[in-house]
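Peer 1: Now for the letters of each chain:
Number of protein chains: 2
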Amino acid sequence: MYEAISLEQKFSLFSERFQPKVVARMNDYEFKIARAEGDFIWHSHPDTDETFLIIDGEMRIDFRDGSVSLKAGEMFVVPRGVEHKPFAASECRIMLIEPVGTVNTGDQPRGERTAPNGVEL
Amino acid sequence: MYEAISLEQKFSLFSERFQPKVVARMNDYEFKIARAEGDFIWHSHPDTDETFLIIDGEMRIDFRDGSVSLKAGEMFVVPRGVEHKPFAASECRIMLIEPVGTVNTGDQPRGERTAPNGVEL
Chain A
1 MYEAISLEQK FSLFSERFQP KVVARMNDYE FKIARAEGDF IWHSHPDTDE TFLIIDGEMR
61 IDFRDGSVSL KAGEMFVVPR GVEHKPFAAS ECRIMLIEPV GTVNTGDQPR GERTAPNGVE
121 L
Chain V
1001 MYEAISLEQK FSLFSERFQP KVVARMNDYE FKIARAEGDF IWHSHPDTDE TFLIIDGEMR
1061 IDFRDGSVSL KAGEMFVVPR GVEHKPFAAS ECRIMLIEPV GTVNTGDQPR GERTAPNGVE
1121 L
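For the record, the sequence lines run as chains A and V.
Take 1 as the starting number for the first sequence in this note's numbering and just add one per residue.
Take 1001 as the starting number for the second sequence in this note's numbering and just add one per residue.
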C-alpha cells in the first residue's frame, strides 16, 4: 500500500540520455530522473527555477558567464530565466525537480532534443 | 559565482535530530536536510505533500494503516493531510522537499519537537 520509490530500480528501466522520466509527484511538482551524457543544448526556463541533484557520476552546467561542476551527493538550483547547458563527459545519473509541465529544452523551439513530458516510470 | 551544494558538507555543520536545515530554495519550495533518530511525533500537513529522500541510513514512516521502510537512494511522498510518524532505529540522513513555511510538526500544537523554520546552512 505504501511503497518506497527506489531510484536504482527506476534507473534500470531506461537507457536514453537527456530524456527525463517522472518517478514521483509532490503537489504540482515532479521528480524526474535522467541519464546525462555528452552535451545538451543551451536553454532557459523563463517561468521556473530548476533543481539538479546528482545521484551518480559527474556533470557540469555551463552558464554564459561561468559554470558549476557537480558530482554525486551535490545539487544546484538553476534560477529561472538563466541560460544553461548541461554536459557530462561520461554517463551521469541525475534527478530533476521542477513544476509539472516543465519542458527539458525550455524556451528553445521544440526539436529532436525535446523529451516528451509526463513519462512515468 | 556558481557553487555546488554538497550535502555531505552541509551535514557536517549540525548534529541535532529532527531539526531540518535549509540547503537550497527553488521557487517557493525548500530543500532541507535533517538527521532522524528515534521516534518523531504523529502529525500531518493539511496543505501540502511532503517528500522524503533518504541520503544515508534507513528509516520508517508509520501511517495509521501501514508503514513504508526507506533506505539510502529511496524516496516517498507523504500526501497532504495524511497522518504520519517518522522513525529511525539509528541515525538516518534525509532530505525533505516542501513549500517554504512548512512546519516539521505540521498540524500539531507547537512544542519542543517543533523546529524553527528557515534555518539556513
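I should point out that these hints are in silico values taken from the structure, not numbers from a laboratory.
Please note that a few of the clues may not be correct.
Stated by the list, open to error - Short, incomplete list of chain A residues facing chain V, as computed with Cβ under 8 Å: (1) M1; (2) E3; (3) L13; (4) F14; (5) E16; (6) S67; (7) E83.
Note that CB positions come from ideal geometry on N, CA and C, so glycine has one too.
Peer 1: Now look at each hint and say whether the structure bears it out.
Peer 2: Status of the hints after comparison with the structure:
1. M1: holds (5 Å)
2. E3: Result: holds, 7 Å to nearest chain V Cβ.
3. L13: violated (15 Å)
4. F14: It is violated, given that the least Cβ distance between F14 (chain A) and chain V is near 17 Å, above 8 Å.
5. E16: violated (21 Å)
6. S67: Nearest chain V Cβ about 6 Å off; hint holds.
7. E83: violated (12 Å)
Taken one by one, the earlier hints fail for this structure at numbers 3, 4, 5 and 7, listed in ascending order.
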